[in-house]
Amino acid sequence: MSLLKAEDITVSQGDTPILHPVSLHLEPGEPLVILGETGSGKSLLAQAIMGTLPRDLAARGRVALGDRLLDAARPDGFRPLWGRQIAVLPQEPWLSLDPLMQAERQVTETHRLVRGLGTTEARVQAAADFDHLGLTGAGHRYPHELSGGMAQRAAIAAARAGGARIVIADEPTKGLDAARRDEVADLLLAELARGGGLLVITHDLALARRVGGRMIVLREGRVVETGPTKTVMDAPTQTYTRDLIAADPDNWAARDRQTAGAPVLTATGLAADRGGAQLFSDLSFDLAEGRILGVTGPSGCGKSTLGDVVLGLVPPSAGRVKRSEGLAPTAFQKLYQDPVAAFPRHRTLKGTLEDVARRHGQTQDRIDALMHRLGLAPVLLLRKPDAVSGGELQRLALLRLLLVRPKFIFADEPTSRLDPITQKHVIDLLCETAATEGCAIMLISHDPALVARTADQMLSLDPAAPNLDVTPTRVAGALQ
Amino acid sequence: MTDTVMIPRPAGHAVRWTGAALVAAVLVLALIGPLAVPGDPFAQSLLKALSGPEAGAPLGYDHLGRSIFHRLAHALRLSPTIALAAVLTAGLAGLVLGTFAAARGGWTDRVLITLADALLALPGLLLVLIMLAIVPGTALGFWAGLSLVLWVEFFRLTRATTRETLASPAVQATRLLGFGPTYVFRTHIWPEIAPMMLTAAAFGTATAIMAIAALGFVHVGMRAPTPELGLMMVELLPYWREAPLALLSPVIATFALLLGLTLLAGSRET
Amino acid sequence: MNTLITRGIQALMVAVLIGAATFAMMRALPGDAAYRIAAGRYGYDNVDTAAADAVREELGLGGPALPAFLTWLGDLLRLDFGTSLVTGQPVIEEIGHQLGASMALAGVAVLLSLILGPPLGILAGLRPGGVLDRVLLVVSTGLKAVPQFLMALILILILSVQFRLLPAAGHGEARHFILPSLALALGLAAVNARIARDAMARIGAMPFYSFAQWKGLSPRQTLLRHGLRNVSVPLLTYLGLQFVTLVEGVVVVEAVFGWPGIGHALVHAIFSRDVPMVQGTALCLGLSFVLVNAIIDLVTQRIDPRRAA
Chain A
242 MSLLKAEDIT
252 VSQGDTPILH
262 PVSLHLEPGE
272 PLVILGETGS
282 GKSLLAQAIM
292 GTLPRDLAAR
302 GRVALGDRLL
312 DAARPDGFRP
322 LWGRQIAVLP
332 QEPWLSLDPL
342 MQAERQVTET
352 HRLVRGLGTT
362 EARVQAAADF
372 DHLGLTGAGH
382 RYPHELSGGM
392 AQRAAIAAAR
402 AGGARIVIAD
412 EPTKGLDAAR
422 RDEVADLLLA
432 ELARGGGLLV
442 ITHDLALARR
452 VGGRMIVLRE
462 GRVVETGPTK
472 TVMDAPTQTY
482 TRDLIAADPD
492 NWAARDRQTA
502 GAPVLTATGL
512 AADRGGAQLF
522 SDLSFDLAEG
532 RILGVTGPSG
542 CGKSTLGDVV
552 LGLVPPSAGR
562 VKRSEGLAPT
572 AFQKLYQDPV
582 AAFPRHRTLK
592 GTLEDVARRH
602 GQTQDRIDAL
612 MHRLGLAPVL
622 LLRKPDAVSG
632 GELQRLALLR
642 LLLVRPKFIF
652 ADEPTSRLDP
662 ITQKHVIDLL
672 CETAATEGCA
682 IMLISHDPAL
692 VARTADQMLS
702 LDPAAPNLDV
712 TPTRVAGALQ
Chain B
102 MTDTVMIPRP
112 AGHAVRWTGA
122 ALVAAVLVLA
132 LIGPLAVPGD
142 PFAQSLLKAL
152 SGPEAGAPLG
162 YDHLGRSIFH
172 RLAHALRLSP
182 TIALAAVLTA
192 GLAGLVLGTF
202 AAARGGWTDR
212 VLITLADALL
222 ALPGLLLVLI
232 MLAIVPGTAL
242 GFWAGLSLVL
252 WVEFFRLTRA
262 TTRETLASPA
272 VQATRLLGFG
282 PTYVFRTHIW
292 PEIAPMMLTA
302 AAFGTATAIM
312 AIAALGFVHV
322 GMRAPTPELG
332 LMMVELLPYW
342 REAPLALLSP
352 VIATFALLLG
362 LTLLAGSRET
Chain C
185 MNTLITRGIQ
195 ALMVAVLIGA
205 ATFAMMRALP
215 GDAAYRIAAG
225 RYGYDNVDTA
235 AADAVREELG
245 LGGPALPAFL
255 TWLGDLLRLD
265 FGTSLVTGQP
275 VIEEIGHQLG
285 ASMALAGVAV
295 LLSLILGPPL
305 GILAGLRPGG
315 VLDRVLLVVS
325 TGLKAVPQFL
335 MALILILILS
345 VQFRLLPAAG
355 HGEARHFILP
365 SLALALGLAA
375 VNARIARDAM
385 ARIGAMPFYS
395 FAQWKGLSPR
405 QTLLRHGLRN
415 VSVPLLTYLG
425 LQFVTLVEGV
435 VVVEAVFGWP
445 GIGHALVHAI
455 FSRDVPMVQG
465 TALCLGLSFV
475 LVNAIIDLVT
485 QRIDPRRAA
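Residue numbers (our numbering), protein chains in the order written: chain A, 242 to 721; chain B, 102 to 371; chain C, 185 to 493.
Honestly, the hints are just simulated from the structure, not real lab data.
The model shown is predicted, which means the values in this text are computed figures rather than measured ones.
Backbone N, C-alpha and C fix where the C-beta goes; we use that ideal spot for every residue, glycine too.
Covered stretches of chain C (chain B as the covering partner; in silico rule of three or more C-beta atoms under 8 Å from a C-beta of chain B):
#1 199 to 213
#2 327 to 333
#3 431 to 444
#4 462 to 469
Using 25 Å as the maximum straight-line C-alpha spacing, the simulated DMTMM-like pairs for lysine to aspartate or glutamate come out as follows:
#5 A/Lys665 with A/Glu530
#6 A/Lys625 with B/Glu265
#7 A/Lys415 with A/Glu654
#8 A/Lys625 with B/Glu293
#9 A/Lys625 with A/Asp660
#10 A/Lys471 with A/Asp484
#11 A/Lys563 with A/Asp523
#12 A/Lys625 with A/Glu654
#13 A/Lys591 with B/Glu293
Build out the structure end to end from the sequences listed, making use of the hints.
The structure is reproduced here in structure tokens:
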């Protein structure tokens, strides 16, 4: 018998439907993945099943949980199930723990108030949960004293303490690097091994592949394709699914290695620290026109700091960066992770680009030519930065840099906030820029596959001694 | 403590328009009123003391037989003028010093923020009272005292916003693209500050008008026979039973003016 | 520790500012300041030119401004305020008498405002845009536009003059507290309510607040265990800043109701140009702001460990 069965779930805002009828069922021991890009309605589907939709959205449909029948249009009916039948894993665990309460107490209170254990029992149980998850001794820490991975595990313990058999994870790997992503997937699967149900909502193909089970692909509020995850990912029947899977960096064709042009910069013996702790030391490399240097490493290892050091925005604690002679002061540029934050937010894009063009003696024709080359519609220029999609704005940011005729671009996770298809497009344009404009690029990404298939040279900043986190396999093993 | 800055949040359009309309109505009464019905705010006629409205005095007469209407109009020109002058001085000083402190950082910043924090610990009315005792002339004293009190808020707002803006990727990008401080101020900082300045100015004007009226009410502000809102209220308080309209006129006008300014400003968030 | 040093510097700056302001006030006094001070010290009958000269010598009133100012500031920092020019009593004793009455009034007013404001604000913040939220917005906006003296005037007119329910002046009995403390509390409550409402609405929209409910906690449990503690931090911080408004209100309201406190004394001292009294009361008010905020710093750091970092 299914653990959970949802039939004809729809979501609408006023009279506008934003999620067309979707049905799904969750079986014990078999994970279900809902895959989709931003705006596909995948999170809305999850929220409709949990009864947590924002007030201005209305859901319809039926949800059967064991022998209970619920109406999606009446979200209040779902409330008694939270924590007891359905456990919801938060998107960003760091933000999901009360900042003013010690981590273990947030698990203890669930054991006591939701499962109904006595005070001492609840405390013992919470401590045991922490031990199982490799968080021994971290119970008295406040959330801001936990690393991202530790917060994630503490949040999982808190969500599961109520004893729910069904786990719903909405984008559980948002903002995590590859190593952490696998750790989370293993944790989720370990939960499943206890005979529960698992529903994972994600845009992350690697996570989907690792979770396995069955899959529903959503696009713009409609189901595109369903089937066993492995079958869908290996042999997609729909064009959209094929594009989506082809856009996964794991499936990219490797870029042809470029021959180096004139040298642009030489870095020797670079070191930097943050708050007294050394981030990296003794890094030496050089970069030439047309080449792409890929930098990888887990979050917090100092990738972005390295880029800022090369740009001269942050002084290195040792070593130096030598720019080739004859380069203009503005020859070194930066492409930001969040393009919206990198534009003056009160000015139209047209105004901003014209200012840059005028400052650097470029004409309107150059803007028009670049707009065309980067596949951007002229109408976008009339808008302000926050009214343009992330992919388009990142291309406009690239355009703005090209007006300066840069020789070096530091691209700081330029696609980490973009959907896979858009990500591939932007990275392709970046590679093309390196070749056509003859500029050197330093590309930072948390995704080793993306860097491996794009860069000519690689630099890994994996620190020798990682933090307290234990390996995912150990955690998964401890749980079983 | 320097981090706790109240960020003004612009109010909805409807609320702001209501506020603007209230302020405008009061100002029309103050500026156009005496033109429509000519009269002298100082002329006494004891025979008419506390008598009701008539054509030459639409709001009746006070205890000395002076036209309330003309005294009110005069009072409604006096406080807003002083308040506006003080707000302009304070706003300009706060803007310049705030941007300067944020841009320079280091000791400049530390000295200015220490000074601002110390002023923050002192009740505004106290500073105004002391300035009134130092500076010759009550109106000038109010202007000096209120400017001294009000610049702190403008300074803190400007400084906090400028610091945040200067540290943003947008400004970093603009600088990398080769633009100088003038361009950064014009395209990044000013658009962030301007709406806040307007809100802070409306609050500041309300604060100043309240201060002038409060001190007038406890006999340490404007001196009789100057028509001033607080002073008028305290003078007319003993005659409440005989002439309620006489007392209500300055009370209602003051409330309308302050409410209008508050609505115009919008509310603030911590 | 760090906060205490910052607060210490603030206290020192407050003292210097007040010293500078009162020194300027002294210099701006009409007539012979030394003579007046001497009169204040020894009584008008005992003042002669020699006594006045001695005072002039001591305070450097006749000489150049800078050394005189340093002497003045030195006295202030040693908490040597001198004697009142009006009563001839040591300033410190006068303040000692008045401080109790002011603190009682301020305490009752703050308590009243805390009973009225934050609970309503939190209820409104739990449902932003709801009926209570909109009503509270209108009421608090209206109340904020009423200065304390006007509130006092309105309360006197309604409760004292019109209905003769309460005395408009006097002090010593519990019923004398009602009007002055209400005049102070209503305005404070309006602002407290807004702060609590905004904080609650913000915290209620945070992921951890939803997550606490998804864990299975009831709305009530979530509010009690995760809402109130988080709301208290911005509320306390704001209350500290509000202290200045409270002091201003105390000055005005005491003057209006003839309440024998420090604010009343300050207005009198200003009126009669009693500089030592002005200096003493101003310093007392300024330092109490710093003290209250230092205590609030320590309390919020205990509640929110992130602040101690």
